[in-house]
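Please construct the entire structure, taking both the sequences and the accompanying hints into account.
Chains as they are written, first to last, in the working numbering: chain E, 1 to 498; chain H, 499 to 624; chain F, 625 to 1068.
I should point out that these hints are in silico values taken from the structure, not numbers from a laboratory.
By construction, the Cβ of each residue, glycine as well, lies at the ideal position given by its N, Cα and C atoms.
Keep in mind that the hints are not guaranteed to be accurate.
Below, a sample of chain H positions facing chain E; criterion: calculated Cβ distance under 7 Å [stated by the list, open to error]: (1) D532; (2) V534; (3) V557.
Derived EDC-like pairs (lysine to aspartate or glutamate); straight-line CA-CA distance at most 16 Å [said to hold, decoys possible]: (4) F/K904 to H/E579; (5) F/K920 to E/E461; (6) E/K369 to F/D839; (7) E/K39 to F/D839; (8) E/K369 to E/E461.
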Amino acid sequence: MRKNFLHEEPLVFEYPFSDKSAVDFNSPLGDSENIGDLKRTTPLGLSSLSEPEVVRHYTRLSRLNYSIDTGLYPLGSCTMKHNPRLNEKMVRLDGFMNIHPFQPEKTIQGAYKAINLLSDWLIDLTGLPVVAMSPAAGAHGELCGLMCIRAAHEHNGESKRKVVLVPESAHGTNPASAAICGYSVESIPCNNRGRVDLQALNNRLGDDVAAVMITNPNTCGLFETEALQISDAVHNAGAYFYMDGANFNAIVGRLTLKQLGVDAMHINLHKTFSTPHGGGGPGAGPTVLSDALAPFAPVPFLIKKNKKLCMVEHAGLKDSKLSIGRMKGFHGQFGVFIRALSYIMSLGGDGLSQVSGDAVLNANYLRVKLSKYITPFYDGICMHEVLFDGSFLDGSGIKTIDFAKAMIDSGFHPPTMYFPLVVEGALLFEPTETESKQSLDELIEVVTELAKMVRKEELTEYFDQSPINAPRLRLDETHAARNPILRWNPDPLLKAAE
Amino acid sequence: MENYFYTKEHEWVTVKDNLATVGITNFAQKQLGDIVFVEFPKQGSVYSQGDEISVIESVKAASEVYAPISGKVHVCNNDLEGSPDLVNASPEGDGWLFKISEFDSVELNSLMSRDEYEDYIKNIEG
Amino acid sequence: MRYLPLSNQDRESMLNTIGIETIDDLFDELPKSEVPQKLPSHKSELQVDRELSQIANENLPYSRVPSFLGAGNYCHFIPASLDYIVQRGEFLTSYTPYQPEISQGTLQVIFEFQTQVALITGMEIANASMYDGATACAEAISMASRINKRSKVLISGGVHPHYIDVSKTQLKHLGFDIEVLEPNIFGKEEILDKLDTDLSCLVVQNPSFFGDLQDYTAVANECRDKGVLLIIVVTEPVSLGLIKTPGEMGADIVVGEGQSLAGPSNFGGPGLGFFASLQKYVRQMPGRLCGQTFDKEGKRGFVLTMSTREQHIRREKATSNICTNSGLIALAFSVHLTLLGENGFNRLANINHKNAVELSMRLKKNNKINVINSSFFNEFVIELPRPAIDIIDELVNLNILSGIPVSRFYPNSPNLSNFMLVAVTEINTESDLDLFANALNEVL
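Written as structure tokens, this is what we have:
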């Protein structure tokens, strides 16, 4: 039952059912009910555990996870950096945690001040005049930016523009967000330098193009050196320039988006600004907007009136005439804002440019060290992440996924695999700035040793089988998809016995 | 043996008793990997040649199937609902997808013969 | 700078390995920078703590005064062990579980969460979470249209106005025809007559935004006859501890906000969108799904599954553009439900309801106050002789966070200015109720 002190933990529903609870209550303040005839008469089927059992259940489960606290996460385009605990302490201050979104304004001036302070920092760091704070994550920010773009075109009598151009190497969210905005998506090829093919872009631009979305640095880990020419071309064609900010960590504090002619960019606070990923979220995707798009920003937003901050909550009012409307309930990801603010204040302007410096330094160190053993997609300096292709595995019978899974047995989370789609068998490493040289050297040693093994044919099986030291061997994903079991169900025999 | 015709999108079609049976090729199923789901067109709906008519899903990919010829969906291969793996096991046999009626066999002339298709995938595989 | 592990010697030696002189050389390809100069420089942990605490102190937290705030965001007591579990680094600092061999902790939690959501809503399946209730509502409308290929939408006037606004924004370019009924403050909405065979879905909320409880069984039957999908929104999931589930009423999709069980208000974010439905609609669902399977040794394990619906595979044809969701909040929600268990959940709901009824009875004693709702869970509307916003302001001066002015949500309905939404939960005490009732007596 145990492997390295790890326990096989049942589902909460597989513990015996009883009348236990891990929560004790005060008595209700009265005895009357007023629920009409809506009272539920059958049990829901929830579990019943005491507090010690619950704490042990989750603690045991937690130990089956890899995490940034336990090891390096070289996931390209994910920016899995250290999550400072000060951020967690700050968000739990009574005055931040225990305030309700609809308290009277005079009781939440501190909350407004905190949001405003973060906005000011984001505006400074990007050089764009306005930031829409409410988007909940990167993809939500993309939608925000594109909706503002569509509103601007419609306002300017340019409703016929219905196409968004994205590079082939784009994140899947870009075309998905464009589709929700009612736009069709066309892809632009990249050139042999791994960048957007400016010629191809120019050929496609026209009066039907609403926007061009480009990730910069791009998903190959390269800076789009022709960013200025791209933005000029986009603007000359009457379209807007959206920059996907997923990779902002590479350039934070080093140049502004204004310089690059950007009209909109979302900022993933859960990447660049260190808020925890939490096994899938929450994130926040504040979206900076150029002067041309600013009037269309979603509500709510803060304005200053008589030196006091107040919130504009509805579209179509004096201060929000052209707003696209509301994108999210309440006022945005406040808890994520406080964490990001705590991080930004800790590092300061000087620290943030050191962040991008060290992130890019770490990636290039990996690039130089690993390029001797695995094949880099592109020679020369990379930004915060470095892309390898699968050609070093050619002829070995080992697939990229096998190689990556073998890293698990040596104690490392695999890098991003098979992305970007333009590179066959891609391995994309992003070490971030919060890894020491020592931990990078350990990673390099592991990858190097595995790469050497690739060349020894008798070891192919090792890769096929890996990982063998993780809490689970490889899982049958085909079985899961063909016979979807998406929840626990009571054993039919037990149910019949009732 | 019946005459099989092929598209560049890796569908095959063969005609028997005024019904055109459509499936995906062995090459296509290998590219997709373990197939987990086939989304069928509505029976009786009419499609033109090249229209998106169905979607085949594997664990990590989804691939559109395009109508190789114009016509009406006569029947779908219901066996695939419980066993989508038939497409992997027998792509050009039991793993057929649907049958089309009311088509114009002239359109078959625009498709590739088996020999032409084999040359075509040789080029793709380099 | 405490978050940066490279020493200067490390940097020197790494630059050497790369074959360049300075870190700035790595950025040669960037345009010459005009680095912003306004930003202050880095600060000690102590200093950040001081400065942020000072800002936090400018707020009046509901933990310090009697408070009766709801409207889709509810203040409940959170057991200490919940936050301990949520702050375990292995949960807090892990990535989306794309590598299942080393993510079974997160995956099993999602599987348990999906099960709990399905159980409390009375539905067959649930996904791994959405951003919040409002965006989940918009996604549900969009899903309904994928299922029945219709585009007309009817939204009850009892649905949270933010959910309505978000749905309108998010769906505005997708060809929907959305009709929203008038704010249903008196719980007298006639829906049955409005159901047509060309309607894609009907969206209702239970308890409604104004606190009303309603049995939607008859509506559900009529919907089924006309091929209309019924979406039931739940913004206070604690209510499900006591009342009939949306599934039992016949809902096709149930969405809502999980904050109330997951943690403190946090000024409204991050929230937790939950999303439940019937198994037959699974391929049209947005968001991540976790499924059960086996590993090579035959041991049970969990994986993210049916990903071909999602943006990273299906791109512009995906069921949604969502990627990052609310994983950690879903964990908190799930832990709380596990702590409560079947009995605790029922008891919590029961206390909420009885406390609210108790306050309503005390307020009714004042003949200037009119309690509108005939039945409710833990929130109701009162009508006051003058604008609620002024009275709320006067009560703040008496250190009471009393309620929420209904007019805040309906800027175009001045006739609603005298109505106030009042929520009561288990955190309210006997003295809270007294202070509130007495203060109202005083100012009215």
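Here is how each hint holds up against the structure:
Here the hint on H/D532 is kept, as its CB sits about 4 Å from the closest CB of chain E, short of 7 Å. Residue-level restraint check for H/V534 holds (minimum Cβ-Cβ distance to chain E is 4 Å; threshold 7 Å). Evaluation of the H/V557 hint against chain E yields a held restraint, the C-beta minimum of about 5 Å falling below 7 Å. Taking the CA atoms of F/K904 and H/E579, the gap is near 13 Å; set against the 16 Å cutoff, the hint holds.
For the suggested pair F/K920 and E/E461, the alpha carbons sit about 14 Å apart, so the restraint of at most 16 Å is met. The hinted pair formed by E/K369 and F/D839 fails the criterion: a straight-line CA distance of about 66 Å is larger than 16 Å. Only pairs whose Cα atoms come within 16 Å are accepted, and E/K39 paired with F/D839 is accepted, the gap being roughly 10 Å. Between E/K369 and E/E461 the alpha-carbon distance is near 26 Å, which puts this suggested pair outside the 16 Å criterion.
The structure does not agree with the numbered hints 6 and 8 stated previously, though it agrees with the rest.
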